[in-house]
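Colleague: These are the residues of each chain, in order.
There are 2 protein chains.
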Amino acid sequence: MLNRVRSAVAHLVSSWGAPPPRPRSPDRLHATSTPPAAPPEAPKSPPAGAGSGSGAPAKTTEARASFSRPTFLQLSPGGLRRADDHAGRAVQSPPDTGRRLPWRTGYAEVINAGKSRHNEDQACCELVYVEGRRSVAGAPGEPSRGQGLCFYYWGLFDGHAGGGAAEVASRLLHRHIREQLRDLVEILQDPTPPPLCLPSTPGAPGSCDPSHVVGPQSCWPSQKEVTHESLVVGAIENAFQLMDEQMAQERHGHQVEGGCCALVVIYLLGKVYVANAGDSRAIIVRNGEIIPMSREFTPETERQRLQLLGFLKPELLGNEFTHLEFPRRVQPKELGQRMLYRDHNMTGWAYKKIELEDLRFPLVCGEGKKARVMATIGVTRGLGDHSLKVCSSSLPIKPFLSCFPEVRVYDLTQYEHCPDDVLVLGTDGLWDVTSDCEVAATVDMVLSAYEPNDPNRYTALAQALVLGARGTPRDRGWRLPNNKLGSGDDISVFVIPLGGPGSYS
Amino acid sequence: MLNRVRSAVAHLVSSWGAPPPRPRSPDRLHATSTPPAAPPEAPKSPPAGAGSGSGAPAKTTEARASFSRPTFLQLSPGGLRRADDHAGRAVQSPPDTGRRLPWRTGYAEVINAGKSRHNEDQACCELVYVEGRRSVAGAPGEPSRGQGLCFYYWGLFDGHAGGGAAEVASRLLHRHIREQLRDLVEILQDPTPPPLCLPSTPGAPGSCDPSHVVGPQSCWPSQKEVTHESLVVGAIENAFQLMDEQMAQERHGHQVEGGCCALVVIYLLGKVYVANAGDSRAIIVRNGEIIPMSREFTPETERQRLQLLGFLKPELLGNEFTHLEFPRRVQPKELGQRMLYRDHNMTGWAYKKIELEDLRFPLVCGEGKKARVMATIGVTRGLGDHSLKVCSSSLPIKPFLSCFPEVRVYDLTQYEHCPDDVLVLGTDGLWDVTSDCEVAATVDMVLSAYEPNDPNRYTALAQALVLGARGTPRDRGWRLPNNKLGSGDDISVFVIPLGGPGSYS
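Going line by line, the protein sequences match chains A and B. Converting from the first sequence to the numbering used here requires adding 474 to each position, the first position being numbered 1. Converting from the second sequence to the numbering used here requires adding 474 to each position, the first position being numbered 1.
Hints in this document: simulated from the structure, not taken from any laboratory. Be aware that one or more of the hints could be misleading.
Intra- or inter-copy, both count: the list cannot distinguish identical chains.
What the hints assert, rightly or not - The list that follows gives simulated cross-link-like pairs (lysine-lysine, PhoX-like), each with its CA atoms no further than 20 Å apart:
1. Lys787 to Lys872
2. Lys807 to Lys745
3. Lys863 to Lys745
4. Lys844 to Lys589
5. Lys844 to Lys958
6. Lys827 to Lys589
7. Lys698 to Lys844
8. Lys745 to Lys843
9. Lys589 to Lys843
10. Lys863 to Lys787
11. Lys698 to Lys827
12. Lys843 to Lys698
For clarity, every value in this text was computed on a predicted model and none was experimentally measured.
Please take these sequences and the hints and turn them into a complete structure.
Modeller: Structure follows, in structure tokens:
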């Protein structure tokens, strides 16, 4: 696994550091042939303060040998070794000297207790500049007439079956989002409703012939109103899909195997967009109140979607799996007896007579952290996993895994936030052993111990959360103060202050 | 339409008054051949107070000519004519003399303002006795050893394209539920967890060989816990499916065309189960607080499910529809331009280049009450509609309509209810013009004007709700006090007091 990840990362530096290919229309999303060539990109003109992720590829990757950690940690070779030490499990945070993360964001991470060779979580935090496409009046390649847009970006990527997908996503997903937003730069800055139809030339300011607006169809007397917000949501959704597709297209050349959960936050024009695909979690803690900003996508929470897909497309199950759910594996000697089951359209249980095909392995089995799709994978949304097959079988898992995130929107302007109001992002290493309420209590405890203007308070909070989930080495394991086992998983946490945008941006 | 409904109803009395066929296993659910013969049923032994729906078919149907109203209204021929008068739109309620509805339930209804020839809503309110199947020790036909179970049942059925489906559902759905519960009579009364597996003989007390409980599979170390509550939910879900299937099987003989939304409440062993398939709605008003007990299933709320089905099964769309959503109909001259769209996995919008196949009619179009599936139907869950085709086409609508309800459970024992706490059920005629808050205000206003023990207070409340949604004839229409249009639809309302079960049952 080590070598596979190493060669993948080395290869990425040369080819994937370039901006991703620019999609032209969604029909391209389903193409599986050779990837289109990346178009040359106009030089970036980031505004003052824009981070490194807005244009050029990250620069430090070449120096890394077998694995990498987020650039913003600014790890020395010695620091990198300490970050990779399963025995010590030292908590890593950006140095409190030098350039801080935007909004004074706090970050902390710790490697797993031996579950995998390296820390398979990755993180990214950037200020990204979006330049509009050339205007209709300009020549091709000429910059847009108007001002560009900036968005703040935070991403947590929890890899599995190797660190390749998380590594790639942490470097490229925000660029896919930027590409999707380029068509929208002028539209999002125009207070009038978005035009429903644009001329075929990208970037031309446009709305169609007004006579089209009302169609003649009886059930369709008027057009739908589409908000600016829903355009940003659509851009994020399509960016996830294009990122996933790029991984699929280039996986054979680069052998970036494995996959990753992706939890991404974007701040754009007064609103916070939280996009989640996987089992990471985001919550807002505001004046002590908890506001969930994501939900987890697992074989249990997505059971009905998975079963429906297996029911409608039985060829995806081969002759090995049944789309029905049973409370435990059916035994051959139970043929003819009646067992509890659930079909795709049921939330309750009923008894059915066991038949031969019920002896197949269930599509979804197990409970909690042990729940699996096709006995193979425990998350149902994320990026990558295109080469993942059912163990000792040629059945691909991917059709059941969706790359689409759920996006929730939080309007930052609707509430007067104080410096203790934060958005907390964590990979499942945090949430497996820490409840929302415990996180809120830690937020209160740590932040009240620091002055509101102390630039280290959010990093201190992130560290406290990671330490609280890791525990301390005791009794042959990492244990929490209550003597329960701490998380042996990789743990990564962002703490984003919500009182910040006006002051810090 | 009148004659078709008449012959269907006449036919129903003779054949569908009998109990529905007893399903043996879910695999029968997909059979489309001739329906199995209804097995002879043991004589019912309903406990004192059990209503007419528990065993024998309703008795008054033969007397009806062209349409029927709920039996419990006890309408005379003159009353039936008044109930059918579109001009007067007199509110109908059960008489305040004679046998009351269980729990002193309030009910009121009014016919539409001319939208259809008859009132296509139907209602049912019963105490249903469930006799367990014969025990393993007994001979076939012998009653179960243990005590049977009773459940209280309320159903509202909002028909469309004829009153046949609503009429049939109001007579038979609770019997399907009873049949589904018969296997569970002993299990639900046993405080130990339900057995996962039963012997093949229905009714035998059973659990399987304990050695089966833990399977050898690595991802399946233990069995799932299944609650009694989830068995009742599963029974209701399967009863809806069997009701729908019976309509499908018998539709050619009886010509019961049309379909209906179904909103059903069951009270069993301390819990209230609210099952909804369609656009009716149930809310609890408890101490002034509103607790939603259902959600509506419409082309808008189910857009993604419908689009996914069209995407996975394009043959269901013929060459006439596209599964993509556009904010308005695409015009041929817009080919090559870029228009906003949403795919099945998106909640946001993005632009795509218009291609030839985008000119097809969208699977889901329109907004609000004018939203339609395949330009044909405005609800996406319900019973019936098996003969419904896309206008001037042979494409069936049914695969997109699901008969499965969403079931929500409310534990009546977890709260000390007072006589002013009620569960309000209404067809969309109520909710189209009345908000949840307005209903809660009416609950407060009406109930506070009556003594807590007044047996008429819940009927008075139901009448007030129906009158408030209907309005009064003025300015060429039925108008509300604020001069807005009242509902011209059929309106039906149940008011179920939650302080009741202990006192009234």
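Colleague: If a hint holds in the structure, say so; if it doesn't, say that too.
Modeller: Hint check results:
1. For the identical chains of this complex, Lys787 and Lys872 are neighbours both inside a copy (13 Å) and across copies (19 Å), given an alpha-carbon limit of 20 Å.
2. In the homo-oligomer, the alpha carbons of Lys807 and Lys745 never lie at most 20 Å apart, since the shortest distance is 58 Å inside one protomer and 36 Å across protomers.
3. Taking CA atoms no more than 20 Å apart as the test, Lys863 paired with Lys745 passes in neither setting, with 39 Å inside one copy and 44 Å between copies.
4. Taking CA atoms no more than 20 Å apart as the test, Lys844 paired with Lys589 passes inside one copy only; the shortest distance there is 15 Å, against 55 Å between copies.
5. In this homomeric assembly, Lys844 and Lys958 come within 20 Å of each other (Cα to Cα) only inside a single copy, at 19 Å, whereas the closest approach across copies is 56 Å.
6. Neither within a single protomer nor between protomers do Lys827 and Lys589 lie at most 20 Å apart by alpha-carbon distance, with minima of 41 Å and 46 Å respectively.
7. In this assembly of identical chains, Lys698 and Lys844 lie within 20 Å of each other by CA distance solely across copies; the values are 12 Å between and 43 Å within a copy.
8. Taking the closest pair of Cα atoms, Lys745 and Lys843 never come within 20 Å of each other, the shortest separation being 33 Å inside a single copy and 31 Å across copies.
9. For the homomeric pair Lys589 and Lys843, the shortest alpha-carbon distance inside one copy (15 Å) is at most 20 Å, but the shortest distance between copies (54 Å) is not.
10. In this homomeric assembly, Lys863 and Lys787 come within 20 Å of each other (Cα to Cα) only inside a single copy, at 17 Å, whereas the closest approach across copies is 24 Å.
11. For a Cα distance limit of 20 Å, the shortest separation of Lys698 from Lys827 across copies, 18 Å, qualifies, whereas the shortest one inside one copy, 48 Å, does not.
12. Proximity of Lys843 to Lys698 under the C-alpha cut-off of 20 Å is restricted to the inter-copy arrangement: shortest distance 14 Å between copies versus 42 Å within a copy.
In summary, the numbered hints that this structure violates are 2, 3, 6, 8.
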